[in-house]
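Let the hints inform the model, and build the full structure from the sequences given.
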Amino acid sequence: MSYELVFEVARGDFDTAGEASRKIKRTLQQLGVSNKVIRKVSIAGYESEMNLAIHSDGGKITLEVGEEELMLTIEDIGPGIANIDLAMTAGWSTAGDEVRQMGFGAGMGLPNMKNNADNFAISSKIGEGTKIIMKFLV
Amino acid sequence: MEKLLHSVYLDEEKCLGCTTCLRSCPTGAIRVRGGKAIINESKCIDCGECIRICPHHAKLAKTDPLSKKDSFKYRVALVAPAIIGQFKPKYSIDQILSAVKALGFDEVVEVAYGAEIVGQALKYEYHAKRYPKPLISSACPAVVKLIQVRFPELTDNICRLKSPMAMTARLIRKRIREEGVYKNSDVGMFFITPCAAKATMINNPAASEYDKYDQIDGAIAIKDIYSDLASQIGSCPLQEGIHNTTPESCTWALTGGESDYLKNKNVLHVDGIQNVINVLEEIECGKLDTIEFFEGLACIGGCVGGCLTVENNYVAKMYIQDRAKKMRQTSIVHMSDDYVKSIYNSGMMHIKERINPRSPEPLDQDLNKAIEKMKQIEILETKLPGLDCGSCGSPGCRALAEDIVAGKAKEIDCVFVLKDRVRDLSVLTNELLQVEHPTEKPLIKKE
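Chains W and H are the protein sequences, given in the same order.
Residue 1 is where the first sequence starts when you use the numbering used here, and the numbers rise one by one after that.
Residue 139 is where the second sequence starts when you use the numbering used here, and the numbers rise one by one after that.
Derived from the structure by calculation, the hints contain no laboratory data.
No false leads were slipped in.
Across the chosen pairs, the derived CB separations fall in these ranges:
(1) H/574 to W/66: 56 to 62 Å
(2) W/16 to H/525: 15 to 21 Å
(3) W/97 to H/450: 38 to 44 Å
Since the structure is predicted, the reported quantities are computational estimates derived from the model, not experimental observations.
Ideal placement from N, C-alpha and C gives every residue a C-beta, glycine not left out.
In structure tokens, the structure reads:
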């Protein structure tokens, strides 16, 4: 049996930012997933939410829980990423001043997501959007 | 297994089952069943929120009566740093302590003594490097429990220095042993406490940090002795020079009092249990990676806001700040670096056991069954009104759905579901009334 949870995140939606990762954390606790895995998923989930709110024109986060692995899929509509290798570099960000003043946009989002996931795949099309699939071993 | 005692309990006679406390509980530990509030022991963190909010004063903290000290030959009162905020600064700390002594103690010691040691030792502990950052203060036992229950992944971040209370008890016991007049078991140590969580630490040896050399024998609530103190202060025999508060440890009972010891570090101090939860959530998802030390205190204002204090927490803060200011100008109490270092290096300051997570139980040990239950919960949740009114006795609609799936509640516990059922039933009754049964005489008598 598998389980799925979907969250929509709108651009600039900082009021509810963090809600998806909070809910993901609570759900995984109730499903009996280990604390270590929950921490990794929480961090990756939170970074995903922030990325959607800052860089995309809106998107969704899907959590799938299976017997052997957890999967987070992030899909957005938006500008896409021109140079994925550069975007994956720690400290590199296209975030504007306003976002940086809020304490975001340090350029650690994607690297953090990759570091916490056991398997990380990203694809992007300019002018269309970005899709990230992260897998976590249970 | 660790015994999960707690100090908050219910006075059943006073409890009206009004549900006010349900949503004040940060861990969702309360249910109202059979018209009375029930506290789930494994979830209660002793923060005292329900004690503060209960309009009928039915929530209480289990502390010890003053008379408990009488079974010991040598009685020591360990006075929490919050006490100096309970009295106007026109009374000296020695006067306050003398009033405590007049209650029948042989010796009165300020826990500020231990606070100064712990505060200064923080800088050594910070560099001990075995902690993931941020290092999290262990000063507030309610926050430590909160982390165990709600943020289990952060338990490794919690500072493992003993509390000022335990350190004070240990050093005083050591001195008394060395004097050779009383045996360790003759000495009764009593903490004069501002809060329920400290009382739990003392009364739950299984979960505590102590061994017999820093044993504390009871917790006495500040508010239980306040009237005696207030009536004797200034008039009872004064013992001068017994205070040991420094200008720094003076503010230990205020939020940030501990953080102030870590100079040149990125510290964040937060008070109020909900605020602490919000910040811990940010720490947990990795957002606050520049913070080096986090001090979270469950009560607004810090320990001066404890539910067993008497004076308003903002007023108490003002009194303490006033004292600290004057002390900075005149204080001669100092504690040397070498002294603190020798205590730190002796190893007596460290809690030996790990601070373990107390993660909430999963819906089921079997993942497939847990998923099945999760889906049932979600379906049930859509049938509930989403008002989180608490009339069902659970803290919200989601919690009711979880309780139903756990077999601990029924759908019709929700007054809105019940009302719908009554409406359906009355429609059906009405319909049935219209139907004439072949064997019965016509319902409406003919004129």
